Amino acid sequence: MLKYLIKRLMLFVIVIFGVVTVTFFLSHVIPADPVGAILGENAPLELVEKMEKELGLDLPLDQQYIRYLKGIINWDFGMSLRTQRPVSKDMRIYFPATMELAVFALIIAMFFGIIIGIVSAVKRNQLPDNLSRIFSLVGISMPAFWLGLLFILILYYHLGLIPAGGRLSPSISPPPIFSGLYLLDSLIAGEIETFWDALYHLIGPGLVLGWIQTAYICRVTRSSMLEVLNEEYIRTARVKGLKEKIVIFRHAFKNALIPVVTMVGISFGYLLEGSVLTETVFGYPGLGRYAVNSFLSLDLNSVIGSVTLIAIVYALSNLIVDMLYAVLDPRIKY
Amino acid sequence: MVQELLLEIKDLEVNFYTYRGVVKALNGVNLKINKGEFFGLVGETGCGKSVTASAVLNLVQNPGKIEKGEIIFQGKELLKMDKEEIRKNVRGKEITMIMQYPIAALNPVVNNGDQISEALLANKNINKDEAKKRTIELLREVNIPEPEKIARQYPHQLSGGMAQRVMIAMMLSTKPALLIADEPTTALDVSIQAQVLSLLKDLVVKHKTTILLITHDLSVVAETCDRVGVMYAGDMVEIGEVDQIIHNSRHPYTRGLINSIPSEKSRELIEIRGSVPDLVEPPTGCRFHPRCDYAKPICKKGKPQMLEIEKNHFAACFLYEK
Amino acid sequence: MNKEISQNWITSWNKRHSSEISDIKETLYLIRKSPLTIIGLGIILILIIVAIFAPYIAPHNPETMHLDKRLALPSEEHLLGTDELGRDILSRIIYGAGVALKIMFIVLAIDLPLGILLGLIAGYFGGWIDEIIMRIADIFMAFPRLILAMAIGAALGPNLKNTMIAIALTMWPVYARLARGETLSIKERTFIEAERALGSSNLKILIFNILPLCFSTLIVRATLDMGNIIRIAAGMSFLGLGAQPPTPDWGLMVSSGRNFLINQWWVPTFPGFAILLTVFGFNLLGDGIRDISDPHLRRGKK
Numbered sequence: 020m021l022k023y024l025i026k027r028l029m030l031f032v033i034v035i036f037g038v039v040t041v042t043f044f045l046s047h048v049i050p051a052d053p054v055g056a057i058l059g060e061n062a063p064l065e066l067v068e069k070m071e072k073e074l075g076l077d078l079p080l081d082q083q084y085i086r087y088l089k090g091i092i093n094w095d096f097g098m099s100l101r102t103q104r105p106v107s108k109d110m111r112i113y114f115p116a117t118m119e120l121a122v123f124a125l126i127i128a129m130f131f132g133i134i135i136g137i138v139s140a141v142k143r144n145q146l147p148d149n150l151s152r153i154f155s156l157v158g159i160s161m162p163a164f165w166l167g168l169l170f171i172l173i174l175y176y177h178l179g180l181i182p183a184g185g186r187l188s189p190s191i192s193p194p195p196i197f198s199g200l201y202l203l204d205s206l207i208a209g210e211i212e213t214f215w216d217a218l219y220h221l222i223g224p225g226l227v228l229g230w231i232q233t234a235y236i237c238r239v240t241r242s243s244m245l246e247v248l249n250e251e252y253i254r255t256a257r258v259k260g261l262k263e264k265i266v267i268f269r270h271a272f273k274n275a276l277i278p279v280v281t282m283v284g285i286s287f288g289y290l291l292e293g294s295v296l297t298e299t300v301f302g303y304p305g306l307g308r309y310a311v312n313s314f315l316s317l318d319l320n321s322v323i324g325s326v327t328l329i330a331i332v333y334a335l336s337n338l339i340v341d342m343l344y345a346v347l348d349p350r351i352k353y
Numbered sequence: 003m004v005q006e007l008l009l010e011i012k013d014l015e016v017n018f019y020t021y022r023g024v025v026k027a028l029n030g031v032n033l034k035i036n037k038g039e040f041f042g043l044v045g046e047t048g049c050g051k052s053v054t055a056s057a058v059l060n061l062v063q064n065p066g067k068i069e070k071g072e073i074i075f076q077g078k079e080l081l082k083m084d085k086e087e088i089r090k091n092v093r094g095k096e097i098t099m100i101m102q103y104p105i106a107a108l109n110p111v112v113n114n115g116d117q118i119s120e121a122l123l124a125n126k127n128i129n130k131d132e133a134k135k136r137t138i139e140l141l142r143e144v145n146i147p148e149p150e151k152i153a154r155q156y157p158h159q160l161s162g163g164m165a166q167r168v169m170i171a172m173m174l175s176t177k178p179a180l181l182i183a184d185e186p187t188t189a190l191d192v193s194i195q196a197q198v199l200s201l202l203k204d205l206v207v208k209h210k211t212t213i214l215l216i217t218h219d220l221s222v223v224a225e226t227c228d229r230v231g232v233m234y235a236g237d238m239v240e241i242g243e244v245d246q247i248i249h250n251s252r253h254p255y256t257r258g259l260i261n262s263i264p265s266e267k268s269r270e271l272i273e274i275r276g277s278v279p280d281l282v283e284p285p286t287g288c289r290f291h292p293r294c295d296y297a298k299p300i301c302k303k304g305k306p307q308m309l310e311i312e313k314n315h316f317a318a319c320f321l322y323e324k
Numbered sequence: 081m082n083k084e085i086s087q088n089w090i091t092s093w094n095k096r097h098s099s100e101i102s103d104i105k106e107t108l109y110l111i112r113k114s115p116l117t118i119i120g121l122g123i124i125l126i127l128i129i130v131a132i133f134a135p136y137i138a139p140h141n142p143e144t145m146h147l148d149k150r151l152a153l154p155s156e157e158h159l160l161g162t163d164e165l166g167r168d169i170l171s172r173i174i175y176g177a178g179v180a181l182k183i184m185f186i187v188l189a190i191d192l193p194l195g196i197l198l199g200l201i202a203g204y205f206g207g208w209i210d211e212i213i214m215r216i217a218d219i220f221m222a223f224p225r226l227i228l229a230m231a232i233g234a235a236l237g238p239n240l241k242n243t244m245i246a247i248a249l250t251m252w253p254v255y256a257r258l259a260r261g262e263t264l265s266i267k268e269r270t271f272i273e274a275e276r277a278l279g280s281s282n283l284k285i286l287i288f289n290i291l292p293l294c295f296s297t298l299i300v301r302a303t304l305d306m307g308n309i310i311r312i313a314a315g316m317s318f319l320g321l322g323a324q325p326p327t328p329d330w331g332l333m334v335s336s337g338r339n340f341l342i343n344q345w346w347v348p349t350f351p352g353f354a355i356l357l358t359v360f361g362f363n364l365l366g367d368g369i370r371d372i373s374d375p376h377l378r379r380g381k382k
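Protein chains in written order, with the working numbering: chain Y, 20 to 353; chain L, 3 to 324; chain V, 81 to 382.
Don't read these hints as lab results, they were simulated from the structure.
Fair warning: this is a prediction, and the values are worked out from it, not measured in the lab.
Check the hints yourself; a few may be wrong.
With a straight-line cut-off of 20 Å between C-alpha atoms, the simulated SDA-like cross-links for lysine to any residue are [said to hold, decoys possible]: (1) 142(Y) to 70(L); (2) 69(Y) to 104(Y); (3) 26(L) to 70(L); (4) 22(Y) to 262(Y); (5) 264(Y) to 110(L); (6) 262(Y) to 133(L).
One chain only, chain Y, in its complex shape:
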């Protein structure tokens, strides 16, 4: 088992390296004229040269690469032209916001998705199953940005149930930064009003992301359970005279868990993607929205920073999922 973990870790390192290289390729090699795109076509020559120097574009390609790698190891991506702050500082502010949203949505999704999935499989082709299948099919077909807009139109404008956007109401100030997660920090600092306000603001984007993720997890749970319920050992469990509840949870679900865990890992990737769209729609100040703004303004440094960070987080969640495999399935040896 240790061998497997080490092998997996090495794969992780190779992949991160590859990710970093691809990002370099995308940001330094392909764009024809990043400076022109930023400063405009008629910028005065000294300004162009100054920018080129700042971005390191005057150096030969391999030196650019080394400089770039050095930067990443030090977690220094340079300055964001748009916000006029170091990119790493920006990320320290925005990243926890996205994490909070993602975890919030994931908890909702795991809870509802798994339960609905199990019920669906057990009551196959009956009403609860058919309803849940349609619900989850709609969920995975839903464009997140459109759902967000609908939520704002109906839940905010017409029903007044959620705020228009953002992370906190204008009148409330953020809690003292401990983890960057407002829910956690406000509880630690004892600022209950802040806690509720932060929670209130999480509902809109959280439910949008949550609904979509619930759909994915529900589907995978259902199909995994259906497969497992057909296995011989389920028959054995029933022959032993065990209660149906035990057959379903201790025997079926425990085996169905593995694909579900994979899906939770993949969900994390979808959440990171979805956050890009959802944060934009709700004006939620997270990494997703930051990334979008960076792309649209061709802010090279923050583009590199956001993409690298998101890819690392995603690769890490996959690594954790793979490690969980080895724990959950005694059949995995190598």
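Put chains L and V on the given structure of chain Y with help from the hints.
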């Protein structure tokens, strides 16, 4: 020796509602098994032997349905009992089953010992430690070396033969009155087959369990069973003591089965002509008549009843109708 | 005499191909029994028809701006209202169908051949070729799809063509993996050894023996992905990285209509609904096809 009736199946009919139509899997099966017997149920694949076993355990699943019939076990009518009653007091406790692919029949993510203990804890009033102790004893009884080690291991680490022993230990742990063995050795190597069968025989004698052995292999039956029932296409066609069936079979189908076993004397491979019928549109009357060399016009019309040929020997064939 | 001969031939043909025939019968039965698949199929067919016959179906020209009737409520003349430049929304949605389908086809046209090629090579030749291709695939898969598509799209320049390339680049690893898996399992089968013994070249074996067997798995996967392609492309256009004005792309329409969400809700809502319906239809179909090709479902009676 007084024969006490343990299990009686009367006119059992089971249908499966599939995409191709209604599969009439059991066409009115009759069967009697006495206490302490080693009863063999023989037939080709698809004749309904496993469905019969499922019916006894009340585990006939969608799209199957028990249409009519009676299953009387220890004097109680199972088909009229409450399903929860059957689960609690009959299944796992009084009737258990071992299956054809033992490794697949074990939960891959639970260790072997725990799976056996689970059977004990669910059906007997003992605590965890006692169950653990008993599990090790059981593993020893089924001739598994280093039982503590095996108990900690997982099913995928076992060989087929070992896994089947674990299953036997599990299914005999609660000292059931009836153990159903559904093709228990078919998927095992021939040498292991013999071991497992003789193990079963020993345990049966020791615990006075009644065994219903389901197989398509007549030689296995000849070696181990006291009485035999032969099934064809959802019907019980002949029942008798093992010697009667092997040496004095009366139903044309049984004859055909026995004749088709290659022997040292004849080098010929004798087969029964034709093939197993489609049970969605089974032949009318006696289901074997299209393949029978002795078929008469009446065989198409009605279903033959079980008639006594000699003491304890019955066959369902119009040849014997007076 | 002729009638007899042809009847005999028909009977014997039926007999010889009885297993294929029963396969097809079973497939048709399963399709019939799955109302969801039929609905999905229906939605897709309607979509294709709308896309092909757009010029005949659309009540207005999608680019004509009626500046006096900007942001008009749905009415008889403009069934779904008009957008901020006075263009008929219904007509734009109808033309948008073609845009969406075009994107989907082009992405698949790039990905399927590319993925199959790389997968076949990796699986068949193994060794370091396999390692390299698979590591590259891993790296591409290490990015969440939309993020990678955004990065590639931004690097190449925001337009529809680059969006299609970007999405294609995010998805090829999946097909390569699948093709490789199939190749690996087929490679070891004895009939391949037989071919080699007959002297067939590697290329011949790859194309004529292995490729046809991979096809069905990959087609099933492709149908599952069709909806996703449209959804991701819509997301890209929404963010401004995909289709550019005045293309009647649904994602773009939602984005430009966003400012009018509150008071003229129909402007962003209807195009978004078109996206939902389309993706939903593809997913229904994909699910149905996957269920039907599932060997479990095809188990006969016990």
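**Request:** Would you pick out the hints that fail for this structure and give their numbers low to high?
**Result:** 1, 4
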